[in-house]
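Chains as they are written, first to last, in the numbering used here: chain X, 1034 to 1389; chain F, 2 to 209; chain Z, 55 to 876.
Calculated directly from the structure, the hints in this document are not laboratory data. Treat the hints with care, since some could be wrong.
Derived contacts from chain X toward chain Z, CB cut-off under 7 Å, selection only [to be verified]: (1) R1038; (2) V1039; (3) R1046; (4) V1053; (5) V1320.
To spell it out: a stretch of chain X is covered by chain Z in this simulated footprint if at least three of its residues, at any positions, have a beta carbon under 8 Å from a beta carbon of chain Z; those stretches are [to be verified]: (6) 1247-1255; (7) 1369-1379.
Computed from a predicted structure; not experimentally measured. Glycine is no exception: its CB is placed at the ideal position from the N, C-alpha and C atoms.
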Amino acid sequence: MAFIRVSSPHLHRPLSTNKVMQTVILATLPGLAALTLLFGWGSLINVIIASVVGLTFEALILKIRQRNPLPAIKDNSALLTCVLLGIALPPLAPWWLPVTGTFVAIVIAKQLYGGLGNNPFNPAMVAYALLLISFPVEMTQWVAPAALLDHGLSLGQSFSAVFNGTLLNGGTLFGSGTDAFTMATPLDGFKHKGALMADEYWQQNSAQPENIWQTWAIASTAFLLGGLYLLWKRIFTWHIPVAMLGSLLVMSLLFYGADASNYASPMVHLFSGATLFGAFFIATDPVTAATSNKGKLWFGAGIGVLVYVIRTWGNYPDAIAFSVLLMNFAAPFIDYYTQPRSFGHSKARKGIKNEP
Amino acid sequence: MIEFLAQHPVLAAVTGLLTLAALFGALLGYASIRFKVEGNPIVDQIDSLLPQTQCGQCGHPGCHPYAEAIANGDDINKCPPGGESTMEALAELMGRDPMPLDADPDTIGVKKVAYIREDECIGCTKCIIACPVDAIVGATKLMHTVIESDCTGCDLCVEPCPVDCIDMLPVETTVKNWGWNRPQGPNARFEHQVFASDRPFTTDGRAV
Amino acid sequence: MRLWDFHGGIHPEENKQQSVQQALVKAPLPKQVVLPLQQHIGAPAEPLVSVGDTVKTGQLIAQADDFISANIHASISGTVTAIDERPIPHASGMSDLCIVIESDGQDDWVKLEPIADWQNADSETLLNAIARAGIVGMGGAGFPTAVKARIREQHTIDTLVINAAECEPYITADDMAMRTYPERLIQGVQILSQLVKPSRCLIGIEDNKPEAIKALHSATKDTDIDVVVVPTKYPSGGEKQLIQILTGREVPSGGLPADIGVICQNVGTAIAIAKAVILGEPLISRITTLTGNAMTRRQNVDVRLGTPINELLDFAGFNAALASRLIMGGPMMGFTLTSDRLPVVKTTNCLLAPTSQEFPDPEPESPCIRCGMCEQACPAELLPQQLHWFAKAEEFEKAQLFNLFDCIECGACSYVCPSSIPLVQYYRFAKTEIHKEQEEAKKAERAKIRFEQRQARLEREEAEKIAARNARMAAAAAKSAAAKAAAPATSGASPVTQGLAQGLDEAAAKKLKIQRAAATVALKKAEKALTEAALDSNASPDNKAILEANHKAAQEKLAAIDQQLNGGAQAKTQAGANPQPAVATNPNGLDDAALKKLKIQRAAASVALKKTEKALAEATDENRVQLEATFKAAQDKVSDIEQQLGIASAQPASNEQSVAAPSADQEKILKQAKIAAAASKAAMKKAEKALVHAQSIGDTDEIAAKEAAIVTAKANAEKAADKLAALQGVTPKAPAAASHSASDATPETDLAAKQEKALKQAKIIVAATRTALKKAKKALAEAQDSKDPEAIKAQQAVVERCKTKFTGAEQTLAQLTSSDVC
Ligand code: SF4
Ligand code: SF4
Ligand code: SF4
Ligand code: SF4
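Could you build the full structure based on these sequences and the hints that come with them?
Pasting the structure below:
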């Protein structure tokens, strides 16, 4: 009677990669729902286009690399990337934006680096940054909250807008005559407030019937909820989000405290733009983040500081993508210098050098 | 001076660059003295990478002579016992490009040990003379034997034996030196990953 | 009491209930047991029994062979039927040496020797009892307990920890042992604390064993042993982890618990200690959990070591069709068995046969997503994902920098890994490879040293040869000038010898340069060899006096005899080729190649000798004056050669001294003595021969002179023989001087070299005596031809003597050869 030989341990926790990814995708749903409610069908359409195209790309490239595409597709990692990218893109973006984006994310940023686990940069953010640089106009046109529009776009109208760039009534979504449908995001607006003082700007905007800030805060809170769910599920540890939000808070508090008339308040920084989405869904991407707990703190804090710096003094209104990518660069370095102190060692090893 | 430079921006730039260059040069020079690493002579470093089998397959009478030859520009791909890894280590050390090994690929990397079929040995002592590491003991007209722990598997004793009683056997796997093999990795085909089988097993854990 | 926590850890399903429903029972006695000689860490035990012996239960059958090793006892009474390689329970599924005992069904025990008054026994007695019983760590590792308990001798121990955590799922062997024998356990703990004298004594037990905790509480009521209940978390039963939980101290990396004043023993071990000391019972059985859903009667059994696992499985109602695998040990750290025809050993704490619902086949490995879950789970606070990465890329150095060797292979990381990466297998692979690399590096270093030593030796020998040759050539140049002037007759010899030299050169060319040098030297010497030494293949350079005396006597004699030997002188010069090489190589010695050459030369010499004899016979009496001149020249040459030989022999001697000074000295003295003995014998023989000649010629003056010479020679020979005998009495104690690798001679090579040398000597002696015998016979024939009754008688005596010597020598040789064979 012969039996199989396998190495110990023989027991495994029934939590596999695809379950992990699935859970993360689940956790984006509240945020996605909020976006759809607040900004119309655009985000959802983005996500759907990105997912379908992304999975196709993944399967194709794996075939070309002569790997079995099935397990890789089943692990849900490509799907997650596509969902995140779809959420990050502006709603009602023309269809080729998510398509180009997923191509960059899946083919270039992920598979060309060796597939899951080997990519040094967050694929969704690589795609986002590339699109932002290449198509700045399309990427910065964010639809106005549905509530602010006289008439929300129906699903059919949305699809038409996405695929034809035209509305059913013949008008175009983007371009000169589209101001009715798009407006600057709060961060963008604040950045381009020009000579106005902060409170003047607020006054102008709060004059609008529905406060755009509230809209963004609601979406952010939805993502926060999803993130807390993941924390509770122990999909990731608290270190990165807390460090990132903390450092952003500290930075904005410092400058806001010093000069409230020129700098945005911490609340603006935390609850507008992609801050919370980024903190819980982008920065925590384990593949590209730092490894040890201490390293994660540094990694998160670095993102927070960079976000603040780029938002305040850089050329782009939001900065999650660039900050995350920059810290991805730094992750291996952080890893080398933040190795935990192993059991039985008096101190942690720093760097890769041999101890004398 | 300042005004002069201000009027001639090109000159100013050149001066600035030159100053910087001089500064960094000085810094580097200082660093190279201050942090100088007292390394082994290069030959010893090379020698320490060679497997010390002393087989002469590299065309040199032993590893150290080959190390000297490499230091003098000989190719780094001549040592079959060292295999790919030694060649790569040499390439790294010497800052050269790795090159394919100059050897029969079947013979690379298999660890062997000489074994004398003792009842056939006529005690001619020829193998003793051939062995570069004195791993054979025996006396004239008496049976000879190989000290297994000292034999480097260099093959040199096989040829001189007039009655061909020396075999090169692969080093045996025993309970003592057995170890788990490297898992196949995520991209392996399924049947290679799971050893579920009621067929017998090879020692490296795969089903036959 | 304050408890600490350790980093990470996991909470797998415990699955312990299944096997604690039934009371502990004894497994049926096996019909046959297979006892591997190595069931522990360290050296395998050395068998004390042989096939066919009858043994009793508890009888010592294999003895610890090293400091770290353990005794093995018969676990059943019966007959030893085999001592051979059998498959053993090991992850590799390979075989190792085992003793097989066929039961006689009696279970007849040896008389046990309990220590009645163990409370007052001294530690040495207790330690001996533990060592005698062959107790090893029963938790899994199998480290010899007596060795561990001796730790007190080098470390200060303040805490004794008894590991009763048993954190692995499924296993309940310790749990059942504590429920069933709490008093035995406490006795064991008391013995241990008597040995280590700690200031506190803690039993660490996980809170999932309430019954065992209750039993322990009542058993420890009146003792100062603390039962500490710790939270259930895998791997709290790891030695280092339990120590941290209980004391807050961390065992340093690469260190022992003793380094932080703690010694840790397992429950099963403590019970075995109590049994060994109080009952005198050696370790021949253990408690093993039989569990897993592929068995119907999941329970704990007390089983004799060596029991075939398939018998146990049958006992537990095992259904092979249901089993997905068979595991020895627990699900986290146990290893799979590829067969059930394997024995239970000292470390078999559990046999687990899960169904494929319980333990499905492992998922295919998918890429690491660096989720960090492994890191959160690792009790050693490592970065498992980095280690895995390095192991996979075979970057072992980096893996070591990331403390690979602190990994306890607990499997927590693999357990949580969502990508189902067999992390532990990667680490095991990396560890094996690193060990292999280290071994190879060590071996390469040794090979390098040996190679360099050999190289140095060859160079040194070469240099010596060259020096000797140069000296000789200088002397030869001077000599040949003198010889040309004095004795034109001898010049004829040199072309011949040169030709010979070339011939030998060619033969030697295949060998090392040394030997070639030696050959040239020998042949050059031959050119100037002693004319008179023709008959004497053992002539010595070291006793010039005797040689000189010889030559004087011979010269006188020859002068007195006839004038005929003109041509004879030449022949003799050639014949002289032999003794010199023998002389030249003997001091250097032990070189096989030289010996071979010597033999060739001897053959050449015997040809030359025959020629000489023929020439002598043919010689007419003429020319006494010319003969005298020849001999003077020869004599000059002789003394010259003697000087050179003196140098040559001094050098090897000093060389040997540098290698192994004291023995080399003795060796040298012995050699000299032997040579002296041989030389004097030869002188005697020569004188005898001369006498025969004189007698055959009928010159009475000559006869008288010869007789006197023989008497002197005999006296000399006897003296030399005495000395030799005395020396030989001494030398066996001295180590052999020059083995092949004298510089790092191992005992074997020493022995081999010694034997080889003795053999060589014996052979030489046989050959010499044979020649002597032949010569004597020939002389006898000559004497008979001359019809001189006295001469015949004398020759007969000589022949007789030679015969005795020859047979003696042959016997010695035969003895040596036969001893070599066995
Ligand atoms: S080929 Fe043989 S002698 Fe040459 S370096 Fe390699 S091991 Fe040494
Ligand atoms: S025994 Fe033979 S194979 Fe081994 S080292 Fe010596 S010569 Fe080489
Ligand atoms: S648990 Fe597995 S997938 Fe996650 S980091 Fe560790 S090795 Fe990688
Ligand atoms: S097996 Fe090693 S690396 Fe994995 S959790 Fe245990 S100690 Fe840590």
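Hints versus structure:
Among the interface hints, the one on R1038 (chain X) holds; its C-beta lies about 5 Å from the nearest C-beta in chain Z, closer than the 7 Å criterion. Satisfaction of the interface hint for V1039 (chain X) is found here, the shortest Cβ-Cβ separation to chain Z being roughly 6 Å, below the 7 Å cut-off. Proximity of R1046 (chain X) to chain Z holds as hinted, the smallest CB-CB distance being about 5 Å (cut-off 7 Å). A hinted interface residue such as V1053 (chain X) counts as satisfied when its beta carbon comes closer than 7 Å to some beta carbon of chain Z; here the least separation is about 5 Å, so the hint holds.
With its C-beta approaching chain Z no nearer than about 5 Å, V1320 (chain X) sits inside the 7 Å limit, and its interface hint holds. Coverage of the stretch 1247-1255 of chain X by chain Z is violated in this model, with 0 residues showing a Cβ closer than 8 Å to a Cβ of that chain against a need of three. Look at the stretch 1369-1379 of chain X against chain Z: 8 of its residues bring a Cβ nearer than 8 Å to a Cβ of that chain, three or more, so the hint holds.
Hint compliance for this structure: hint 6 alone is broken.
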